[in-house]
Amino acid sequence: MFNKIYQIAKYTYIDNLKRRNFIILLLYIFIVLGSGFLFSMLSPAQEIRIILDLGTAAIEMFAFLSCTFISVRLILQEMEEKTVYLILSRPVTRTEYLLGRYFGILSVMLVYIVIMNSALVLMLLAKGWSWNAYMLAIAVTVFMKVVIISAFSILLSLVSTSAASSFISIFFLWVLGHFSEELKYINYLLKQSGVKITPVIKAVYYIIPNFSMFNFKDLFQVKHSFTGELFWISSYAVLYAAVVIMLSIFIFNKKEL
Amino acid sequence: MRIYAKENYILLAILITAFLTAAVYMKIPSTQVYPPIFSMKYPLSTPISFWASMLGMRRLAADIIWIQTLQYYGKREGTGSPEFKRGNDKDNTPYKDLQSYWQQLIRFDPLFVNAYLLGPTTLGWNLKRYDEAMALLDEGVEMVEEIQKNLRTLNINETDEEHPLIVGKSDVINELKWKLYLLKSIIVYLHQDKYGEATELLEKIAFQDETPEEIRIILAQIYEAQKDYRKALELWTIIYRSTLKETRRDSAAKHMNELKNIIFSGRSLP
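First to last, the sequence lines map onto chains A and B. Note that the numbering used here has the first sequence beginning at 1, numbered continuously upward. Note that the numbering used here has the second sequence beginning at 1, numbered continuously upward.
Same shape as in the complex, but just chain B (with noise of 0.2 Å):
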C-alpha cells in the first residue's frame, strides 16, 4: 500500500472534515424550543400527527388539526340544529371530543395562540364545560411555561437582545402566558356568574386584532344580558363589518336592527 496514494489523501480529508463537522455541530443551540410529541401526556390519536412528527411540519400539522376541529364544531352552523350530535357521540354529549380536537392543536403548536382563544371559549362559554375549558388553559400554561424553561436551558438571558433566538421572543411567549390567565379568570367568573368582572377582563382582549369573533360575541352577549345594548350594538356593528363569514354577517345584521329598534323604542330585550 503506497502511503501517498490519492485515497489515503481522500480519507484524510474526509476524517478532518467530519472533525470539523462535529465541532460546528457542538456550537449550535438546540431550536426543540417545543416540548417532544413523544412527551405529551395523551397518545395521540391521527395519522397525520404520527407524519407531521416524522416530516418535521408541526405547524402544518397543527393548521390540519385547525380545520378538522372547525369542521366538527362547525356543524351546528351548517345544520342550523342547535343540539346537533356527531353519530359517535352515543351518551348524548354534544360535541363530546371537542376537548380533544383542542388538546391535539395545542401540542402541535404550544403557541396557537387562537386556539387558546376559541378553545376555551366553545368548550366554557357555549357548552358550559367549564372543567374541559379549564383543562386546556392548564395544559397551554404548561406547555408555554415549558417552552420559557427550555430557553433557560440554552443559556437564553431572556433580556439578551443579542442572541439570535430571543429577540420578540419573550415579547410573543409572555403575551400569550398572559392571555391564558386572563381567559383562566374569564372562565371562572362566568363559571360563577360573576358577569361583571368577566366582561371586565373581556374587554382587555375582545377588541385586539387577532383576537377571534367569538370572544366579541360572548361580550356582546354579555352586554346584551346587562341591558347595556349602546356597546353591544357598537361590538356587532365590529362584527358585522370584520366577520368573513356570511351566515354570521346576517345574525350581526338581525342583532344590529334589534338593538336599534331596542335603543330607539326604549323597551328591553326579552
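Same shape as in the complex, but just chain A (with noise of 0.2 Å):
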C-alpha cells in the first residue's frame, strides 16, 4: 500500500515540473527583489521589516494560491476528463490515489515553500539582516496552513462540480480561518447585545480551521522561543487535514465516477 500511494505522489511531484508550475517561484523571486529596490527608495529606514513581511506575506500567498490551484486542478480535472480511470483501473485503490496524489501535493508544495524562504532569507542577509531562527518556525507554520488547506481543497474538489466553485469556497474559508479571532470579538459583542446567533458564531469558530493562530508571522517582535507552541500547532494541522482527508476518502469511496 505504502508502495502505491508513494508512486503515485512521485509521478505528482514530476508531473507538476513538467507542467512548469514552478514558474510562480521566479515570480515570487522577481517580486521580493524588486520590492527590495522600492522600498530602499520608499523608506529606507524600515527596508528590511518591509522586505521580511511583504516576503513572508507573499510566501504565504503564493503557497495558497499553487496548493489550491494544484490540488483542484489535479482532482477535479482527471474526474471530468475521465483520466482518472487510467490510474484506478490498475491495482490501485481509490483511498491510495487520494492519498497519493495529497503527499504529492505536499511535497511539491514542500520545495516551494523552502525555495521561496530561502530565496526571502538571502535577499535579507544582502541587506545587512541578521539570521534568526524565526524565520524557520513561520516557515514551519505556512506550510501547516498549507497542509490543512491541500486536504479542503481535495474534499472540496470532490463535492464540487466546477473549478471556480472550488475556488471561491477555498478562498472564502482562506479568509473565515483568518477571520476567528475577530469573530471571537464579534460573538463577544453580539453576547453582551443579547443577540441570539451566538452558538451559530461559536459553531463556526470552532468547526473552522484557525489559521489565526499559525500567524507567526505579525508575532515577529514579539515571539523569540516557540517550540512547545510549534508542537501543538503542528499536531493541530496534522490531525485537522487528517480528519478531512479520511472525509474525502469516504466521499470518494462512495462516488460513483
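Everything labelled a hint here was simulated from the structure, so no lab data went into it. Keep in mind that the hints are not guaranteed to be accurate.
Said to hold, decoys possible - Partial list, computed: chain A residues near chain B (C-beta under 8 Å):
no.: 1; residue: Gln-46
no.: 2; residue: Met-246
no.: 3; residue: Leu-247
Nothing here was measured: the structure is a model prediction, and the numbers come from that model. Using N, Cα and C, we set each Cβ at its ideal position, and we do this for glycine too.
Fit chain to chain and form the complex, with the hints in mind.
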C-alpha cells in the first residue's frame, strides 16, 4: 500500500515539474527583489522590516494559490476528463490514489516553500539582516496552513461541480480561518447586546480551521522562543488535515465516477 | 447494512481523529496578543485595513500605512514649501489627517516602535499639535497595557522563561512602554517650553540605534537654540553619517558648516 501511495505521490511531483508550475517561484523571487529596490527608496529606515513582512506574506499567498490550483486541477480535471480511470483501472484503490495525490501535492509545496524562504533569507542577508531562527518557525507554520488547505481543496474538488466554485469556497474558508479571532470578538459583542446567534458563530469558530494561530509572521518582534507552541500547532494541523482527508476518502469511495 | 463495512471503519476513524484534534486545539494558548481590529475605538477607513484583517497580515498592513504616512507627510520636503497643504484640508490645517494616519498604523501593529517615535515628533514638535501627539502616545500606552493584560489572561507569568510565548517578550514590551512614557514627558516639557528637561529625556533615546533621525534633529535644534554648538555639531555629524536621504545629508552638511564657522569665530546663530 505504502509503495503505491509513494509511486502516485512521486508521479504527482514529477507531473508538476513538467507542467512548469514552478514559474510561480520566479514570479515570487521577482517580487521580493523588486520590493527590495522599491522600499529602499520609499522607506530606507524600515527597509528590512518591510521586505521581511512583504516576503513572508507573499510566501503565504503564493503557497495558498499554488496548492489550491494544483489540488483542484489534479482531482477535478482528472475526474471530468475521466483520466482517473487510467490509474484506478490498475491495482490501485481509491484511498491509495487520494493519499498519493495529497502527499504529492505536499511534497511539491514543501519544495516551493523552501525555495521561496531561501530566496527571502538571501535577500535579507544581502541587506544586512542578522539571521533569526524564527524564520524557520514562520516557514513551518506556512507549510502547516498548506497541509490543511490542500486537504480541503481535495475535499471540495470531490463535492463541487466546477473549478470556479471550488476556488471560491477555498478562498472563503481561508478568509474565515484568518478571521476567527475577530469572529470571537464579534461573538462577544453580540452576546453583550443579547443577540441570539452566538451559538452559531461559536460553532463556526470551533469548526473552521483557526489559521490566525498559525500567524507567527505577525508576531515577529514578540516571539523569541516557539518550540512548544509550534509542536501543538503542527499537531493540530496534521490531525485536522487527517480528518478532512479521511472524509474525502469516505466521499471518494462512495462517489460514482 | 454490514457492521464491519470499510466505510464504517473510516467514519469511526474520522470521529476519533476529530476528537483528538479538538483535544489538541484546547491545549494551544491563544496567540492573539494584539487587540482585535474590530475592537478599535474608531472605524478604520482604508480598504487595506479590511483585507489585512481578513487575510491575517497585520504587520504588512502597518508597513503599507507607514509608507502612506511618510508620503503624506513627506510632501513638504519634496515640494520645498514649509506650508504644504493637502487639497482636502479645507480649513487650512496643514496635514489635518496626520494623526489618523499614525493612529491607524499603531492599531495594526501596536509594537511598531518607530511609529511611536516619529508620530509624536511630527505632531508635537514640527506641527505644535501637542494634544494630538499626547493622544497618540496615550493610545499606545493603552494598547501596550492591553497586550500585557492578554498575556496575563493566558496565565503567562512574565518571569517564566520556559513558556514558549514569553522569552524575550517582556523585554520588548517593557522597553516600548518605558519609551512611551519618556516621549509623553518630552511632549509635556516641549509644550511648556521647558527645553532643559526635554533635552535630558531626549538624550536618553536619541543615541539608540533604532531611533529615527527626526528625534536626533529635534535634539540638535534644541542644542542650537541653547547655544550648545559643540553638541549640536556632534549630533549633526551623526545624522550626516547615518542618513540614507540625500536631502537630509545636504541639510546636515549645511548645519555642520554653519556650526563649525560659529565655533571657530565665536559668534552665535541669528
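Against the structure, the hints come out as follows:
no., hint, in the structure
1, Gln-46, "holds (6 Å)"
2, Met-246, "holds (5 Å)"
3, Leu-247, "holds (6 Å)"
In summary, this structure violates none of the numbered hints.
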